[in-house]
Amino acid sequence: MYVYLYDNFLRQKKYDSLVKAMEVRLTDYGIAGKILRLNNFIDPKQIVDEEIRRGAKTVIIVGNDATFGYVLSKAATCNCIFGFLPIGPDNTIAEVLGIPEGLDGCDVLSKRRKERLDVGWMNNRYFVSQLHIRPAAIKVIYDERFAVTTKDKMEVVVCNLQPFYWKKDKKDKNEQVVHPQDGKLEAFLRPLTKKGWWGYNYEDPSIFPFEEMEILSNSPFTVEADGKVSKEIKVKIKLAHSKVEMIVGRNRKF
Amino acid sequence: MIFQKSTLKNVSEEVEMVDNMPSQQPSDEVETVVGPSVNVEGDFASEGNIIVKGTVAGSVHTSRFLSVEIGAKIMANVRAGSAKVAGEVKGNLKIRESLELTSTARVMGDIEVKVLSIEPGALLFGKVSMPGLEAGEPRARTRTARRGEEMMPTEE
Numbered sequence: 499m500y501v502y503l504y505d506n507f508l509r510q511k512k513y514d515s516l517v518k519a520m521e522v523r524l525t526d527y528g529i530a531g532k533i534l535r536l537n538n539f540i541d542p543k544q545i546v547d548e549e550i551r552r553g554a555k556t557v558i559i560v561g562n563d564a565t566f567g568y569v570l571s572k573a574a575t576c577n578c579i580f581g582f583l584p585i586g587p588d589n590t591i592a593e594v595l596g597i598p599e600g601l602d603g604c605d606v607l608s609k610r611r612k613e614r615l616d617v618g619w620m621n622n623r624y625f626v627s628q629l630h631i632r633p634a635a636i637k638v639i640y641d642e643r644f645a646v647t648t649k650d651k652m653e654v655v656v657c658n659l660q661p662f663y664w665k666k667d668k669k670d671k672n673e674q675v676v677h678p679q680d681g682k683l684e685a686f687l688r689p690l691t692k693k694g695w696w697g698y699n700y701e702d703p704s705i706f707p708f709e710e711m712e713i714l715s716n717s718p719f720t721v722e723a724d725g726k727v728s729k730e731i732k733v734k735i736k737l738a739h740s741k742v743e744m745i746v747g748r749n750r751k752f
Numbered sequence: 012m013i014f015q016k017s018t019l020k021n022v023s024e025e026v027e028m029v030d031n032m033p034s035q036q037p038s039d040e041v042e043t044v045v046g047p048s049v050n051v052e053g054d055f056a057s058e059g060n061i062i063v064k065g066t067v068a069g070s071v072h073t074s075r076f077l078s079v080e081i082g083a084k085i086m087a088n089v090r091a092g093s094a095k096v097a098g099e100v101k102g103n104l105k106i107r108e109s110l111e112l113t114s115t116a117r118v119m120g121d122i123e124v125k126v127l128s129i130e131p132g133a134l135l136f137g138k139v140s141m142p143g144l145e146a147g148e149p150r151a152r153t154r155t156a157r158r159g160e161e162m163m164p165t166e167e
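Protein chains in written order, with this note's numbering: chain A, 499 to 752; chain B, 12 to 167.
Just so you know, the hints here were simulated from the structure itself, not pulled from any lab data.
The list that follows gives simulated cross-link-like pairs (lysine-lysine, DSS-like), each with its CA atoms no further than 25 Å apart: (1) B/K138 / B/K101; (2) B/K125 / B/K101; (3) A/K734 / A/K649; (4) B/K84 / A/K692; (5) A/K555 / A/K741; (6) A/K649 / B/K84; (7) A/K729 / A/K637; (8) A/K651 / A/K736; (9) A/K649 / B/K101; (10) A/K637 / B/K84; (11) A/K751 / A/K612; (12) B/K84 / A/K651; (13) A/K693 / B/K84; (14) A/K682 / A/K734; (15) A/K732 / A/K651; (16) A/K543 / A/K736; (17) A/K555 / A/K612; (18) A/K637 / A/K734.
None of these values were measured; they are calculated from a predicted model.
Just chain A, with the same shape it has in the complex (with noise of 0.2 Å):
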């Protein structure tokens, strides 16, 4: 049996012919399913947990890369296979897993090519896309074996499945991506150099792949996990495998 998760922004009128015609292929491929409208205050993973007590063997996440985090952050140790149908601007994931967006990703769905993917775990959550640490003083340790720092304050941006895109400057055009790896996370480490009485300057992004990272400050610094934001003073992030069963396509990234 199939559950739909509809993020809350589906409910918008401009996104209504495209989500009917979803649900009506979907239901020419007999895979329609029960359709479950996403908000702010339900917790994804009673929810699946309780579809998966019903019968539900495959939830289909409907949105984009906000939803996608929101969702798996939360469900990611439930036991059922995840599949994905992107709708609406900042799809981003959607592309690394194969899937197009609109129409043609309930084709993806139907043909159900199946792969387990690499999860973060962060302060006992997991997190699927992306990890932000927004600049700070903080002392980073790779794997209990080297530590790195700077001078004076640094930015972390930790990818499982997001590539890292990244500008020198405010007024570069020319945006620089880097796609992670499959099977270990990879932390983009960039360096603020002071400008001026009160400016600052980004250096060039170091790049580490690691398994396990401890983020050490003296004071709370702001961490971004799938658009979740939280204030810590120590963060232990670290890679688990094969944690997500999710349908992909055959155009996948990895």
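Chain A is already provided as a structure; the job is to place chain B on it using the hints.
Coordinates of chain B only, in the frame set by chain A:
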């Protein structure tokens, strides 16, 4: 290449860069980059290629390619598959295949390598040993020793 730039102009620059690289360098993607103004302390080990632009203290180990860029500082013993040094290294280098010292390189330490190339202008203070010479050395010693023995009785 791991860094993908969108414009065609930049793509051509990248191709030029690849052409300039030494033939010994593996064509695999760069996996670890220590950026400028970053300090690494401890046992820095990686399974893939390493590019150092900042400072590393402790020890460096990779089974593949290590590149020490201009302005980079390594204060550590280094073990690598092959390496290209354009920065400063204070410590012993044990390279399995080939080592290239460019004109800006400053190396203070012993080098153990199979193939070594040094550009004019590179600074090196230390002992260089290559595995190919080990077999030839004892024979040369015995010849000189024999000559010495032969010379002795004639003098008597």
